[in-house]
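Visitor: From first to last, the protein sequence lines are chains Z and U. Take the first sequence: its letter number 159 is residue 159 in the numbering used here, and every next letter is one higher. Take the second sequence: its letter number 210 is residue 210 in the numbering used here, and every next letter is one higher.
The hints are simulated quantities; they were obtained by calculation from the structure and are not laboratory data. Just to be clear, a hint being listed does not mean it is correct.
Same chains, same names: a pair is fine if it fits in one copy or spans any two.
[As the list claims (entries may be wrong)] Simulated crosslink set (DSSO-like; lysine-lysine; CA at most 30 angstroms straight-line):
#1 Lys74 x Lys237
#2 Lys188 x Lys74
#3 Lys174 x Lys237
#4 Lys74 x Lys204
#5 Lys117 x Lys188
#6 Lys249 x Lys237
#7 Lys198 x Lys74
#8 Lys250 x Lys133
#9 Lys188 x Lys151
#10 Lys2 x Lys79
#11 Lys249 x Lys79
#12 Lys133 x Lys237
#13 Lys221 x Lys237
#14 Lys221 x Lys79
#15 Lys237 x Lys198
#16 Lys237 x Lys117
#17 Lys151 x Lys201
#18 Lys188 x Lys79
#19 Lys297 x Lys2
#20 Lys221 x Lys94
#21 Lys151 x Lys249
#22 Lys79 x Lys151
#23 Lys94 x Lys250
#24 Lys2 x Lys204
#25 Lys74 x Lys117
#26 Lys151 x Lys198
#27 Lys188 x Lys94
#28 Lys151 x Lys94
#29 Lys297 x Lys188
#30 Lys188 x Lys237
There are 2 protein chains.
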Amino acid sequence: MKIALDAMGGDFAPDAVVEGALMAAEILTDDVEIILIGDEDRIHSLLHKHDYKGSRVKVVHASQVIGMGEHPTKALTQKPDSSIAVGYGMLASKKVDAFCSAGNTGAMLVGAVFSVKQVEGILRPALASFIPKLSGGYGIMLDVGAIADCKPEILEQFGEIGSIYAQHIFDIKKPRVGLMNLGEEEGKGTMVTQPTYKLLKENKSIHFIGNIEGRDLFNDKADVIVCDGFTGNVILKLAESIYDILCEKKISDPFFDRFNYEAVGGSPILGVNGNAVIGHGVSSPTAICNMLHLANKMAIAHISEKFRNYFSA
Amino acid sequence: MKIALDAMGGDFAPDAVVEGALMAAEILTDDVEIILIGDEDRIHSLLHKHDYKGSRVKVVHASQVIGMGEHPTKALTQKPDSSIAVGYGMLASKKVDAFCSAGNTGAMLVGAVFSVKQVEGILRPALASFIPKLSGGYGIMLDVGAIADCKPEILEQFGEIGSIYAQHIFDIKKPRVGLMNLGEEEGKGTMVTQPTYKLLKENKSIHFIGNIEGRDLFNDKADVIVCDGFTGNVILKLAESIYDILCEKKISDPFFDRFNYEAVGGSPILGVNGNAVIGHGVSSPTAICNMLHLANKMAIAHISEKFRNYFSA
Numbered sequence: 001m002k003i004a005l006d007a008m009g010g011d012f013a014p015d016a017v018v019e020g021a022l023m024a025a026e027i028l029t030d031d032v033e034i035i036l037i038g039d040e041d042r043i044h045s046l047l048h049k050h051d052y053k054g055s056r057v058k059v060v061h062a063s064q065v066i067g068m069g070e071h072p073t074k075a076l077t078q079k080p081d082s083s084i085a086v087g088y089g090m091l092a093s094k095k096v097d098a099f100c101s102a103g104n105t106g107a108m109l110v111g112a113v114f115s116v117k118q119v120e121g122i123l124r125p126a127l128a129s130f131i132p133k134l135s136g137g138y139g140i141m142l143d144v145g146a147i148a149d150c151k152p153e154i155l156e157q158f159g160e161i162g163s164i165y166a167q168h169i170f171d172i173k174k175p176r177v178g179l180m181n182l183g184e185e186e187g188k189g190t191m192v193t194q195p196t197y198k199l200l201k202e203n204k205s206i207h208f209i210g211n212i213e214g215r216d217l218f219n220d221k222a223d224v225i226v227c228d229g230f231t232g233n234v235i236l237k238l239a240e241s242i243y244d245i246l247c248e249k250k251i252s253d254p255f256f257d258r259f260n261y262e263a264v265g266g267s268p269i270l271g272v273n274g275n276a277v278i279g280h281g282v283s284s285p286t287a288i289c290n291m292l293h294l295a296n297k298m299a300i301a302h303i304s305e306k307f308r309n310y311f312s313a
Numbered sequence: 001m002k003i004a005l006d007a008m009g010g011d012f013a014p015d016a017v018v019e020g021a022l023m024a025a026e027i028l029t030d031d032v033e034i035i036l037i038g039d040e041d042r043i044h045s046l047l048h049k050h051d052y053k054g055s056r057v058k059v060v061h062a063s064q065v066i067g068m069g070e071h072p073t074k075a076l077t078q079k080p081d082s083s084i085a086v087g088y089g090m091l092a093s094k095k096v097d098a099f100c101s102a103g104n105t106g107a108m109l110v111g112a113v114f115s116v117k118q119v120e121g122i123l124r125p126a127l128a129s130f131i132p133k134l135s136g137g138y139g140i141m142l143d144v145g146a147i148a149d150c151k152p153e154i155l156e157q158f159g160e161i162g163s164i165y166a167q168h169i170f171d172i173k174k175p176r177v178g179l180m181n182l183g184e185e186e187g188k189g190t191m192v193t194q195p196t197y198k199l200l201k202e203n204k205s206i207h208f209i210g211n212i213e214g215r216d217l218f219n220d221k222a223d224v225i226v227c228d229g230f231t232g233n234v235i236l237k238l239a240e241s242i243y244d245i246l247c248e249k250k251i252s253d254p255f256f257d258r259f260n261y262e263a264v265g266g267s268p269i270l271g272v273n274g275n276a277v278i279g280h281g282v283s284s285p286t287a288i289c290n291m292l293h294l295a296n297k298m299a300i301a302h303i304s305e306k307f308r309n310y311f312s313a
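With the hints as extra help, turn the sequences into a complete structure.
Guide: Given below as structure tokens:
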């Protein structure tokens, strides 16, 4: 398995990225190769600093970097030799099995659609996030920011995409799909969630359990939480801030510790022809290591092929 | 000051409501009179049970009750002698200065518009909630569930309504208004939040500070948090669930303790010609007591007149 990693992406790149890659090289199985993409001189000097002598971490040079604040489409067009563009190029040409970056989120999303392209039949790829359950394990919530305005048909597909992910990565045979809404009863909600409810209810290939509410995020009602990217983004950032507040207050708890973004490492882009993961901008070496772990799991499960099989059938 | 209280509203009514009213009678200033509306026999027997001999708690009979699960409009039409209908009748005829209930939220919202009616110039009244700040004090978030789909013009008014409330109740001279969004930059957001940003920015009567994110809910960025009722409802229920989880885990902290709905007591309906507050369905006596306290504060500040002066000018 070959996993490409944007060495230049994230607030603490390339230092934290290289360190995270070396941590992953220690943990992941022997067949995994990590390809660091970016300024080869800087990467090599960091590898040297860490006294790395192994052969599992490789370097591919990229002369340009897309900054965190740059306009995604413009940056990708103007910087064809940026680490993100080079990474997606390798993913598109199947030189690697997965690509991940803690860099510019917009560029990662746009780059996925530009390079590996969305799976035929999928209206819009989603950015997913993992929500710790009180009972253990994680639920998958999508979308968390790729698409702010979602039509009901897009949300219906998020239910399908999330189900496939939960089946193959979480090993849940019949994932329960819940629609985030402002009330439990059918008929509650917005001009978007109301028709979405009907579509999800009529969809025979998923196990729709109805509406869920903000209070159900962490309980074990649903394995797949369907929402538009606006709502998912607000929820995710709110949950992250709760974790930060608890940390500042030095309140530690096994459940809330699982809110730590570092533990999950990143958000997968689901519905494109390739395994891509976006990490948090502030990614630490631990977060980078876990992002590689996540990308590896997705590659092992051939998750993007699963979407292809389902949606192009 | 006369405050009407729906004795039959809430999961633990009338017992918890009567007990809460008696608690408030002990605390509120001498000029406050509490009028319990509902089944007079049951109320009198509860007052007797509590050995109440004062004159500040009065009883007004209402022969009907609107259940928690009833359809608001239907119930209000079919039950003209329900405690909610009688309470709003007294508010509309100015026999009382405020009305509050922990009963059917929908019936309380519809009842407000049916009876006291929305303030001229206000497009849609909002249901507001109070968000504890880490730095102390509260912010006001609106809407939290009255209107799931909001046009930009409605959200702009929420900014104005929230500002007026924060000025007169929180005593903040120039309340900072933030728009809940999925990114800080102008131009981020949905087909609704993008044009709302422009309207709020151009509105000279409020102090708009731009977009805020889910992570900013508890920090001191904004005093007024503007969002549609769908988003506000999800946020509110999520925050409540965090408090519940911490309680279950026996983690106590002065900041998180302020998440307790009991401390605030209720959500005001803002933008109607009268002071109305909706309590949580599970309201305890303490919550009822604090709801009365909130209604009293709104009545003292003549908050609904402030809206009238502003919007009809």
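Visitor: For each hint, tell me whether it holds in the structure or not.
Guide: Going through the hints against the structure:
Proximity of lysine 74 and lysine 237 under a CA criterion of 30 angstroms is satisfied intra-copy only: 27 angstroms inside one chain copy versus 39 angstroms between copies. For the identical chains of this complex, lysine 188 and lysine 74 are inter-copy neighbours only, at 17 angstroms across copies versus 41 angstroms inside a copy, given an alpha-carbon limit of 30 angstroms. Taking the closest pair of Cα atoms, lysine 174 and lysine 237 come within 30 angstroms of each other both inside a single copy (28 angstroms) and across two copies (27 angstroms). Taking the shortest alpha-carbon separations for lysine 74 and lysine 204, neither the intra-copy value of 41 angstroms nor the inter-copy value of 35 angstroms comes in at or below 30 angstroms.
Proximity of lysine 117 to lysine 188 under the C-alpha cut-off of 30 angstroms is restricted to the inter-copy arrangement: shortest distance 24 angstroms between copies versus 35 angstroms within a copy. With identical chains, the CA atoms of lysine 249 and lysine 237 are at most 30 angstroms apart both within one copy (18 angstroms) and between copies (23 angstroms). In this assembly of identical chains, lysine 198 and lysine 74 lie within 30 angstroms of each other by CA distance solely across copies; the values are 24 angstroms between and 39 angstroms within a copy. In this assembly of identical chains, the alpha carbons of lysine 250 and lysine 133 lie at most 30 angstroms apart whether taken from the same copy (22 angstroms) or from different copies (18 angstroms).
For a Cα distance limit of 30 angstroms, the shortest separation of lysine 188 from lysine 151 qualifies both inside one copy, at 17 angstroms, and across copies, at 18 angstroms. Within a single copy, lysine 2 and lysine 79 get their C-alpha atoms as close as 24 angstroms, which meets the 30 angstroms cut-off; across copies the closest is 69 angstroms, which misses it. In this assembly of identical chains, the alpha carbons of lysine 249 and lysine 79 never lie at most 30 angstroms apart, being 43 angstroms within a copy and 50 angstroms across copies at closest. In this assembly of identical chains, lysine 133 and lysine 237 lie within 30 angstroms of each other by CA distance both inside one copy and across copies; the values are 17 angstroms within and 16 angstroms between.
Proximity of lysine 221 and lysine 237 under a CA criterion of 30 angstroms is satisfied in both settings, with 21 angstroms inside one chain copy and 15 angstroms between copies. In this homomeric assembly, lysine 221 and lysine 79 never come within 30 angstroms of each other (Cα to Cα): the closest approach is 45 angstroms inside a single copy and 36 angstroms across copies. For a Cα distance limit of 30 angstroms, the shortest separation of lysine 237 from lysine 198 qualifies both inside one copy, at 29 angstroms, and across copies, at 24 angstroms. When the C-alpha separation of lysine 237 and lysine 117 is checked against a cutoff of 30 angstroms, the pair qualifies only within one copy, where the shortest distance is 28 angstroms, while the shortest distance between copies is 37 angstroms.
Proximity of lysine 151 and lysine 201 under a CA criterion of 30 angstroms is satisfied in both settings, with 16 angstroms inside one chain copy and 28 angstroms between copies. In the homo-oligomer, the alpha carbons of lysine 188 and lysine 79 lie at most 30 angstroms apart only across protomers (23 angstroms), although the nearest pairing inside one protomer, at 46 angstroms, exceeds that limit. With identical chains, the CA atoms of lysine 297 and lysine 2 are at most 30 angstroms apart within one copy only, with a shortest distance of 12 angstroms there and 64 angstroms across copies. In this assembly of identical chains, lysine 221 and lysine 94 lie within 30 angstroms of each other by CA distance neither inside one copy nor across copies; the values are 38 angstroms within and 46 angstroms between.
With identical chains, the CA atoms of lysine 151 and lysine 249 are never at most 30 angstroms apart, being 40 angstroms at best within one copy and 39 angstroms at best between copies. In this homomeric assembly, lysine 79 and lysine 151 never come within 30 angstroms of each other (Cα to Cα): the closest approach is 33 angstroms inside a single copy and 39 angstroms across copies. Taking CA atoms no more than 30 angstroms apart as the test, lysine 94 paired with lysine 250 passes in neither setting, with 45 angstroms inside one copy and 51 angstroms between copies. Taking identical chains as interchangeable, the C-alpha atoms of lysine 2 and lysine 204 are never at most 30 angstroms apart, the minima being 36 angstroms within one chain and 56 angstroms between chains.
With identical chains, the CA atoms of lysine 74 and lysine 117 are at most 30 angstroms apart within one copy only, with a shortest distance of 18 angstroms there and 51 angstroms across copies. In this homomeric assembly, lysine 151 and lysine 198 come within 30 angstroms of each other (Cα to Cα) both inside a single copy, at 13 angstroms, and across copies, at 24 angstroms. For a Cα distance limit of 30 angstroms, the shortest separation of lysine 188 from lysine 94 qualifies neither inside one copy, at 45 angstroms, nor across copies, at 34 angstroms. In this homomeric assembly, lysine 151 and lysine 94 never come within 30 angstroms of each other (Cα to Cα): the closest approach is 32 angstroms inside a single copy and 46 angstroms across copies.
For the identical chains of this complex, lysine 297 and lysine 188 are neighbours neither inside a copy (37 angstroms) nor across copies (32 angstroms), given an alpha-carbon limit of 30 angstroms. In this assembly of identical chains, the alpha carbons of lysine 188 and lysine 237 lie at most 30 angstroms apart whether taken from the same copy (25 angstroms) or from different copies (15 angstroms).
Of the numbered hints given earlier, the model fails hints 4, 11, 14, 20, 21, 22, 23, 24, 27, 28 and 29; all others are met.
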